[in-house]
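Undergrad: Each chain, written out:
2 protein chains.
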Amino acid sequence: MTMKPVAIIAGAGLLPELLANECRRLGRVYVVVQFQGIDLDWAGGHHTEVAEFERLDSLFDRLISAGCTAVVFAGAMARPRVDVTWLDASSTRLLTAINSGDDTTLRAAADLFESHGILVEAAQDTLPDLLIEAGVLGQISPTVEDLDDIARAAEIASALGRVDVGQAAVVAQGICLGVESIQGTDALLRFVMETAVAFRPNPIAAKGVLFKAPKSIQDRRFDLPAIGPDTVKAAAKAGLAGIALAAGQAMILDRAATVAAADQTGLFIYGHVAKVS
Amino acid sequence: MTMKPVAIIAGAGLLPELLANECRRLGRVYVVVQFQGIDLDWAGGHHTEVAEFERLDSLFDRLISAGCTAVVFAGAMARPRVDVTWLDASSTRLLTAINSGDDTTLRAAADLFESHGILVEAAQDTLPDLLIEAGVLGQISPTVEDLDDIARAAEIASALGRVDVGQAAVVAQGICLGVESIQGTDALLRFVMETAVAFRPNPIAAKGVLFKAPKSIQDRRFDLPAIGPDTVKAAAKAGLAGIALAAGQAMILDRAATVAAADQTGLFIYGHVAKVS
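Residue numbers (the numbering used here), protein chains in the order written: chain A, 1248 to 1524; chain B, 1248 to 1524.
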């Protein structure tokens, strides 16, 4: 792990706070970059720079003055509504990419930082313990039927990833009950909760699994799939038996609370290793 | 088209009624097979045989006595809750397949009929006018941006079909807003209506399209994708610009009412021909 001063571009969710706390614990110099309109209720005790999507040149100037030579993108950020009457040069470059899909936008953002000498670092390099290992976490193990559902969901997620749709799928008894699109995992689990009861053919057989893996086309520096305690609670509400993640390629945020939530609700958490065929 | 006496296995939706009316118009001998628990409010004026999932041998005997040598599967049928204490030989064969996924179940049902000398006929062979032709129906045409969304949705639906997930996808401005799983198109459109507002990056640009095509692995005798007037109304509620279907491979039920609904709500209906690359 490098110890260069790092800017944390903070979106929603637990990840930016975890990164800031870890930098503080390690004594690494960091600054939390908060974009206008993004609410960070945890950021009070941290060094924060407020930034605007229309004035990225100004952000780069400030980061370089502060000696920041690394940046981490952390947490979900909705596509901004940008005031196009008021854009500096860097912002114009980013805006051009924003209408071209998620991956393209993130790559353009990365290129922009790197063209200013600020290197993009992956969250999992700053916090390697976030990555899930292979096998069972917590007290509950998947059944043989659950493992079949995991393998089927992994096959579906892989097909989805190749066409850049989402990172997750829900499968019960071999049947796909939902697939992640731009709305994210919470919306997928709500959809399953509201619609899936009649579609588990055998009411006493496997209840189903949420599986998450990165898209095959994905730049691994951004947006690795992640779960936290709230994901476990939502999966329990959706009637699932557990959650599986691609081992070594997905993150568990707040591991203690996440595993505790799984144990309390009777769900398994499983690091899945794809079989090589 | 053959004119053999035909049994119409009637599920939900408009298709079985259309088939029965068409047989009557053509003077073709037919019988509507109504399974217990399936409500057919339109079937009053038609010759109907009531059947039970547990007693398929009895159904075959009656169909053969009636001289039926063809069968059409029409309309959605939920997986039945079967009373396993009470199964004849044919029902036992079908039940074994029921837990193996949609396509497997339908193929097993087809094999069962054909082993009794009753040939499975596709709805589009009985009613070829149901298939959508290439190009625009009705008064509204897709824009260039809509055609881009159609091409992207077709790519996604194709990837989904290869892993046997669904027949439909919704795309707006290049971004996937939803994908069909076992719950069907109505549930997909409801999901888009409830969740997608914030995810169309440009609020004044393309509103998005519903695209449907058969799964590549699909037996074309069953369950070709279809739309009717209600699909158009649901797509309008979901804020979409129109509906595209794989030309020659999907059905429009009640074409006059469907096109009228599209014209009234300002949506296009489009028969899409995939580009050969």
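Keep in mind that the hints are not guaranteed to be accurate.
As the list makes no split between identical chains, a pair holds if one copy fits it or if it spans any two.
Dumping the calculated DMTMM-like pairs for lysine to aspartate or glutamate here, alpha-carbon to alpha-carbon at most 25 Å [what the hints assert, rightly or not]:
#	residue 1	residue 2
1	K1251	D1395
2	K1522	E1269
3	K1454	D1477
4	K1454	D1330
5	K1454	E1392
6	K1251	D1433
7	K1484	D1304
8	K1484	D1433
9	K1480	E1441
10	K1484	E1441
11	K1454	D1433
12	K1484	D1501
To be clear, the hints were calculated from the coordinates, so they are not data collected in a lab. These figures come from a predicted structure and were not determined experimentally.
Undergrad: All the hints need checking, so say for each whether the structure fits it.
TA: These are the hints, each one checked on the structure:
{"no.": "1", "hint": "K1251 / D1395", "in the structure": "neither (44 Å within a copy, 43 Å between copies)"}
{"no.": "2", "hint": "K1522 / E1269", "in the structure": "neither (34 Å within a copy, 51 Å between copies)"}
{"no.": "3", "hint": "K1454 / D1477", "in the structure": "within (19 Å within a copy, 32 Å between copies)"}
{"no.": "4", "hint": "K1454 / D1330", "in the structure": "between (47 Å within a copy, 21 Å between copies)"}
{"no.": "5", "hint": "K1454 / E1392", "in the structure": "within (9 Å within a copy, 41 Å between copies)"}
{"no.": "6", "hint": "K1251 / D1433", "in the structure": "neither (34 Å within a copy, 52 Å between copies)"}
{"no.": "7", "hint": "K1484 / D1304", "in the structure": "neither (45 Å within a copy, 42 Å between copies)"}
{"no.": "8", "hint": "K1484 / D1433", "in the structure": "both (11 Å within a copy, 23 Å between copies)"}
{"no.": "9", "hint": "K1480 / E1441", "in the structure": "both (15 Å within a copy, 21 Å between copies)"}
{"no.": "10", "hint": "K1484 / E1441", "in the structure": "both (10 Å within a copy, 19 Å between copies)"}
{"no.": "11", "hint": "K1454 / D1433", "in the structure": "both (18 Å within a copy, 23 Å between copies)"}
{"no.": "12", "hint": "K1484 / D1501", "in the structure": "within (20 Å within a copy, 39 Å between copies)"}
Consistency with the previously given hints fails for numbers 1, 2, 6, 7, ordered from lowest to highest.
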